[in-house]
Amino acid sequence: DAGITQSPRHKVTETGTPVTLRCHQTENHRYMYWYRQDPGHGLRLIHYSYGVKDTDKGEVSDGYSVSRSKTEDFLLTLESATSSQTSVYFCAISGRQGNYEQYFGPGTRLTVT
Amino acid sequence: AQSVTQPDIHITVSEGASLELRCNYSYGATPYLFWYVQSPGQGLQLLLKYFSGDTLVQGIKGFEAEFKRSQSSFNLRKPSVHWSDAAEYFCAVGAQGNTGKLIFGQGTTLQVKP
Chain A
15 DAGITQSPRH KVTETGTPVT LRCHQTENHR YMYWYRQDPG HGLRLIHYSY GVKDTDKGEV
75 SDGYSVSRSK TEDFLLTLES ATSSQTSVYF CAISGRQGNY EQYFGPGTRL TVT
Chain B
110 AQSVTQPDIH ITVSEGASLE LRCNYSYGAT PYLFWYVQSP GQGLQLLLKY FSGDTLVQGI
170 KGFEAEFKRS QSSFNLRKPS VHWSDAAEYF CAVGAQGNTG KLIFGQGTTL QVKP
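So the sequence lines, in the order shown, correspond to chains A and B. Each residue of the first sequence is one higher than the last, beginning at 15 in my numbering. Each residue of the second sequence is one higher than the last, beginning at 110 in my numbering.
There's no promise every hint is true.
[As the list claims (entries may be wrong)] Taking beta-carbon pairs under 8 Å as the criterion, some of the chain B residues facing chain A (in silico):
{"#": "1", "residue": "Leu155"}
{"#": "2", "residue": "Leu157"}
{"#": "3", "residue": "Gly203"}
[As the list claims (entries may be wrong)] Sample of chain B residues with no beta-carbon within 10 Å of chain A, all distances over it, derived:
{"#": "4", "residue": "Gly152"}
{"#": "5", "residue": "Leu165"}
{"#": "6", "residue": "Val190"}
{"#": "7", "residue": "Thr208"}
{"#": "8", "residue": "Gly216"}
[Stated by the list, open to error] Now the stretches of chain A that chain B is said to cover, found in silico as 3 or more residues with beta-carbon under 8 Å:
{"#": "9", "segment": "55-68"}
{"#": "10", "segment": "78-84"}
In short, the hints are calculated from the structure, not lab data. Note that the Cβ used here is the ideal one computed from N, Cα and C, for glycine as well.
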């Protein structure tokens, strides 16, 4: 299994509070991705990174920001959490440009009350 | 716009029966296609992939998939299902532009009857 960890694995927070999710990899892969998974929607890309300090938006980026200061860490921040951001969040990594083969972390279940 | 459709939200098969999960995609060129499996409470695991060449690809756990360009399909098959195959299955296509991004279908939940 690819060396990908996510923390925390579960979190309950209140509407309006900031939340940061962490993805950590030990594979030295260049590309990292954040998805959210919701019933009936499959996985939807929030943001992705193609190198340290290089990030771009996905299809559902509103309300989220990311940062990548080191190859191994990719942070997802909800600046002011809303109930619509209750979801399961997955991080994925990929090694080569255009390879498309992604490996996923175990996920973080976030509940916003 | 690119898209992936998995027409069956939920499928139930008996243990030992054959399985086919459907996947249709829209994409202008030759696509990169994937099937992932997700067991309850787990992340996604890559089952198999198609990049080019032989249109019948073999994956892990006894799964295979066939790329049919004329039908824009990439259906997943297994000759004999085991109870441990109960999970959610996702089809995905590589997005245009050499970005490494994937576009996922909505998923199909497989239930296996004893």
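Point to revise | Hint check against the structure, violated hint numbers in rising order | key: 2, 4, 7, 8, 10
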